[in-house]
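Visitor: What follows is each chain in one-letter form.
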Amino acid sequence: MDVNQYMGMFLDEAREHLQALNRCILELEVSPENHQLLDEIFRSAHTLKGMSATMGFHDIAEITHEMENVLDLLRKGQQQVTSGIIDLLFKCLDFLEQLVEAIVSGAAVQLDTVGLVTRLREAAAGKVADAKPAAVEAAVVPSAAETVMETSHVDLNEIDQHVIDVADQKGLNAFEITVTLSEGCLLKAARAYLVFNALEDFGDIIKSVPEVDEIEKDNFDKSFTVVLVSAEETDRIQQAVMAISEVEQVAVKGLAAGSPAAEKANAPVQAAAKEPGTEDTASSVVATTVVHKSKVSQTVRVDTDKLDSLLNLVGELVINKTRLDQIGSTHRLHDLVETIEAMDRITTDLQSVVMKVRMVPIGQVFNRFPRMVRDLARDLAKEINLVIEGEETELDRTVIDEIGDPLVHLLRNAIDHGVESPRERTAAGKPPAGEVRLVARQEGNNVVIEVIDNGKGMDSEVLKRKAVEKGLLTQVEADRLDQSEALKIVFLPGFSTAQAVTDVSGRGVGMDAVRSKIESLGGNVEVDTRLGQGSRFTIRLPLTLAIIQALLIALGEEKYAIPLSAIDSTIKVNMSDIKTIQNREVILLRGSVIPVVRLEHELQVPEKTGQENEELYIVIVQIGERRAGFLVDELIGQQEIVIKSMGTLLGGIRCIAGATILGDGQVALILDVAALM
Amino acid sequence: MADDQQFVAFRLGGEEYGVSILQIQEIKRMTDITRVPHTPDYVKGVINLRGSVLPVIDLKTRLHFASSDYTDDARIIIVRFEEYSIGMIVDAVSEVLWLPADQIEPSPDFVGELEAEYIRGVGKMDGRLIILLNMENVAAI
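Residue numbers (our numbering), protein chains in the order written: chain V, 1 to 677; chain S, 1 to 141.
One or more of the hints may lead you astray.
To be verified - Here are the simulated EDC-like pairs of lysine to aspartate or glutamate, each with C-alpha atoms no more than 20 Å apart in a straight line:
#1 V:K170 - V:E158
#2 S:K28 - V:E316
#3 V:K321 - S:D32
As the list claims (entries may be wrong) - A short list of chain S residues far from chain V (calculated; beta carbon distances all over 10 Å):
#4 Q5
#5 Q23
#6 Y42
#7 V93
#8 A101
#9 E105
#10 G121
These aren't lab readings, by the way, just hints derived from the structure by calculation. Glycine included, each C-beta is placed from N, C-alpha and C at the ideal position.
Construct all of the structure, not just a fragment, from the sequences and the given hints.
Guide: Next comes the structure, spelled out in structure tokens:
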């Protein structure tokens, strides 16, 4: 069988588990006595081990296996959580991350796995010499669930027996079905699921050994046993199960009502002698399973491409609804109009649900920062408290994917350049630990993300001097800048204030990359600072890239959309209001001179027939500090539009940012305001 | 039959052309085309194909024919490639036909180098000549 088809799933889940491990170990560092955390860490490591072994990634399996040994000792209290152990665990995570990413890139990584494993073994052996020696070996199979595995035959409790009795009275039979999967079966859980599915067609499964939960987690050997209540014949059931691939053997056995113990003789897996009290173990397992169940959230992984096409379809539905609407009103069909009104509500809901489906909490990006900040602070011998707020704020998936790197840069800068060393801070009368705050919140149709530090802040005079030294500005230009303009120097390409280039930041490629990334996402970034008190970087991003507010305008017969975010205002002028300065057309608006752009010229609109209007509309657009006036024939109105790509063939056309489909099904082009100014 | 291929035949001016049916997604009547500025003259613009925006080229202009107005017979043939689809306007679609492989000849020598790039071969059928297009090159805008 080909494992590649499960690769995507494996990678997604592996990353999730690594993320969870990172978070938990960070928390553990703060509260080493928290046993729940240890359990969670253990579970994640265990799952990761199982998954990677199935997929054949033995390095990962080996490391997680050794991690488990150490974790188990911690769990049992035979070892204390020390900073050495935490570091070691983090080291493991780094290794695992690199191994997982190496799978993605297909590159071979040379990691000292052996060294790490040795260190883990030493850590495991370190303080347990006096503990019972069996503990180390037992550490491999520690969970309660696996104890059940060993006694993998069906012990029917009273309730089960009662169900069988009742079924018997109704003329239904109970079967004990033992399914053995073939050697080398990958994704046993998936096979087992198919078996369960097939069996549920015949009747009800009232019990399974191991528990369904454990089976789902792959926590079983080759075989499992279920009790099925059904009206079917033994043969039919056996055939149905055998029809599933990779099932090696199926043993179906009738269970008689009222005789609980009689069936054990034929139990498929080596029946460990049942000791008194096993019954209790079994029921306690049931109890834990219930707890586990509530933790598993009901989610489905969906390819974003599929979501995109769903969004497209909904858009198409809306367009067709508008057409129906028009037919209804032209032909005065009242019944139709009423129906369409109902449909209107549904499509509006549908649209907002689809948009919401694409939204992801920004916590997904924030999650990886605590670890990064911790490591960075350590490397730089600084004390940093990272405060994260608003991680539940939601953003479109596409934005989420892109925003991580810029934030990493801003955080690194805040820690490297912003926050001072503890000694400097104490000298300045501040608490030795600096604070870096990462805050996200929604403001209208925007999401605002702020990176705030209480470090030394930036000196605009220093910034100016550096910029001149590096030849980015002339002295004259620098002198003309006011405070807020001077701060923008940090975004200039090639600017860096670090005295020495460290591996953290200071290569001077960061901030301008940050700005261009954010602007490419349709957002902007601002900086504010107080000398001696800290700096604040504010990123403003659109909630979604797929739907924007736009102003529709007409140029002759053609319609275009201008993103509302770029529009300052619209004005009506007379031909005579347009003046020229050195042959460039300009208008005066509230005392400032604004260049006029004749869109029909820039967009090669075919010549209009007829007289030119005396009254004209001008759309004043603004990007950053620059403003321009677009001369248009008509303002059609403001509208929400769905941005569509024009495909690879027509990508990157000058002056055009994309296309959208209007209510009447026509395509309108979206103007690239910055390119037209 | 093994080597036979199915083609959609269509008219451009007085000539008959063909495109492998495997490359064709659908054939549409003429529809509103939105002009796109700053593109070559053979790019007529973009259309709305059930919610996606697709570029459309005028095949006659593309193949250096004199362009003429579209009649009611004019159709947009949507050709699909791995990464994208594109529409091309033709004068009329005539039929779907089978061409045996031995009835397809490489493009004749007398066509210019530029045209040869667009032509995959010439199919012969009952005395008709059908010029088979190399869509990858035709669609490369």
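Visitor: Say whether it holds or is violated: S:Y42 keeps its Cβ farther than 10 Å from all Cβ of chain V.
Guide: 12 Å, holds
Visitor: Are all C-beta atoms of chain V more than 10 Å from that of S:E105?
Guide: At roughly 31 Å from the nearest Cβ of chain V, S:E105 sits farther out than 10 Å, so the non-interface label holds.
Visitor: Far enough from chain V: is every CB of that chain over 10 Å from the CB of S:V93?
Guide: It holds; S:V93 is separated from chain V by about 23 Å at its closest Cβ, greater than 10 Å.
Visitor: Closest CB-CB distance from S:A101 to chain V, is it above 10 Å?
Guide: 31 Å, holds
Visitor: Against the 20 Å threshold, does the CA-CA distance of V:K170 and V:E158 hold or violate the hint?
Guide: 19 Å, holds
Visitor: Measure nothing beyond the straight line between the CA atoms of S:K28 and V:E316; if it is 20 Å or shorter, mark the hint as holding.
Guide: Answer holds: S:K28 to V:E316 is near 17 Å, not above 20 Å.
Visitor: Please confirm whether S:Q23 is truly not at the interface, meaning its C-beta sits more than 10 Å away from all C-beta atoms of chain V.
Guide: Non-interface label stands for S:Q23: nearest chain V Cβ at 15 Å, farther than 10 Å.
Visitor: Verify this label for me: S:Q5 is non-interface relative to chain V, using a Cβ-Cβ cutoff of 10 Å.
Guide: 26 Å, holds
Visitor: Against the 20 Å threshold, does the CA-CA distance of V:K321 and S:D32 hold or violate the hint?
Guide: This hinted pair holds, its Cα atoms lying about 19 Å apart.
Visitor: Just double-check S:G121 for me: nearest Cβ-Cβ distance to chain V has to come out over 10 Å.
Guide: 25 Å, holds
The structure fails none of the hints (numbered hints given earlier).
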